[in-house]
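> So the chains spell out like this:
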Amino acid sequence: MTYELPPLPYAKNALAPHLSEETLNFHYEKHHRGYVNKLNQLAAEKPAWAGKSYEELIKTESGVVFNQAAQIWNHTFYWKSLSPNGGGAPTGKVAELINEAFGSFDAFKEKFSAAASGHFGSGWAWLVRDDNNKLQIVSTHDAGNPIKDGHIPVLTCDVWEHAYYIDFRNDRPKYIATWWNLVNWEFANSNLK
Amino acid sequence: MMITSRRLLNNAAKAPSRSFSTAKKFSLPALPYNYDALSPVISGNIMELHHSKHHNAYVNNLNAALEQYADAESKNDVGKMIALQSAIKFNGGGHVNHSIFWTNLAPTKEGGGFADPKFHVVQAITKKFGSVEAFVTKFNSQTAAVQGSGWGWLGFNRNTHDIEVITLPNQDPLSVTGLVPLLGVDVWEHAYYLDYKNARPDYLKEIWKVVNWKNVEERYLEASKK
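Read top to bottom, the protein sequences are chains D and Z. Numbering of the first sequence is given in numbering that gives the first Met the number 0, commencing with residue 0 and proceeding in unit increments. Numbering of the second sequence is given in numbering that gives the first Met the number 0, commencing with residue 0 and proceeding in unit increments.
Capping the alpha-carbon separation at 20 Å, the derived lysine to any residue pairs in SDA-like fashion look like this: (1) Z:Lys52 with D:Phe167; (2) D:Lys29 with Z:Gly147; (3) D:Lys37 with Z:Gly147; (4) D:Lys58 with Z:Gln146; (5) Z:Lys196 with D:Phe25; (6) Z:Lys137 with D:Val63; (7) D:Lys29 with Z:Ala143; (8) Z:Lys79 with D:Phe119; (9) Z:Lys196 with D:Ile165; (10) D:Lys147 with Z:Gln146; (11) Z:Lys196 with D:Asp170; (12) D:Lys37 with Z:Ala144; (13) D:Lys29 with Z:Asn197; (14) D:Lys173 with Z:Asn55; (15) Z:Lys196 with D:Tyr27.
No lab work stands behind these hints: they were computed from the structure.
Construct all of the structure, not just a fragment, from the sequences and the given hints.
Right, dumping it as structure tokens:
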């Protein structure tokens, strides 16, 4: 079984002017595809884990295998967390749960932005649902994925420098402000069914 | 002119402190060369962002954390002191690491890239790895493999009196391992992305053209003193 790179849910220029075509080109074709190629390279040596799903690999593997599988999964989830028709305030189930857990959308926005900007080094900021059905903000380091802790991911924001350096240079807070213009609430709600 | 990081940090520490603050104030060291001096290996664009934005932010955030720490300490708030430790490690490490890094690089016309066989460190490298090329291959292979953000280091082990190649994550300074830093290479994406995009191995191949072997030798002689 070969691992495949899932298609981008939209054209590479679809998130412009928020995220440029150049960013999506490099982020998807080099970084995301790079992880898939590397996992296939490792799988070609026919280890016991070859053929397992990304979720299984995330839960059971570590080191370089975990890193590739988790990063493939994380990036696929990231592309879906964004939409050319995204942004604005949440609606539906996610809006309800946000108000329950954080008091208001603004309060949630502030907390999530702080988690994303404040993360030291590479990683991801997540909105997750825990086993009490409550929403939580968690950040993971490098390739970290909240599935490993038994959380249900709802949305994610990539804070590796490659996600924002072309468009925002060192200004991660500005990139995060932009993320709010693209956030895909429909996708968030689909993760809460 | 060679500037060791110790001198840079000492200059930084002499900044005047406010009378009501007991916190140490660090400052951004000047680069020993112009922003575009290492071009085309590392562009002026990257050098300017790397020094004036990234390193500067570590310095400012370190100072802010230390000010908060001094305040917490004055109130005997140990919980707060502990909570600040990761910010001090991250930003302090960033300041230390980058201060060393700027001195580890030099324009080719000032000796950058020339591993003089007369240097004791070059002789130690040749003895341990077979050749400078073999050392570079090993260093680059280990450093390229850093997951996420981090640094590759050539360090000196004062116990074994030997040199070692090691990588560290995030902004962890080499001092956490007990090794003395001789040469560090930053592989955070901000160090190379604008010039090399995702091609970290290409950056690692090119950077040796501007490694300041005179500085590495200076550090080696200092570290290996009995």
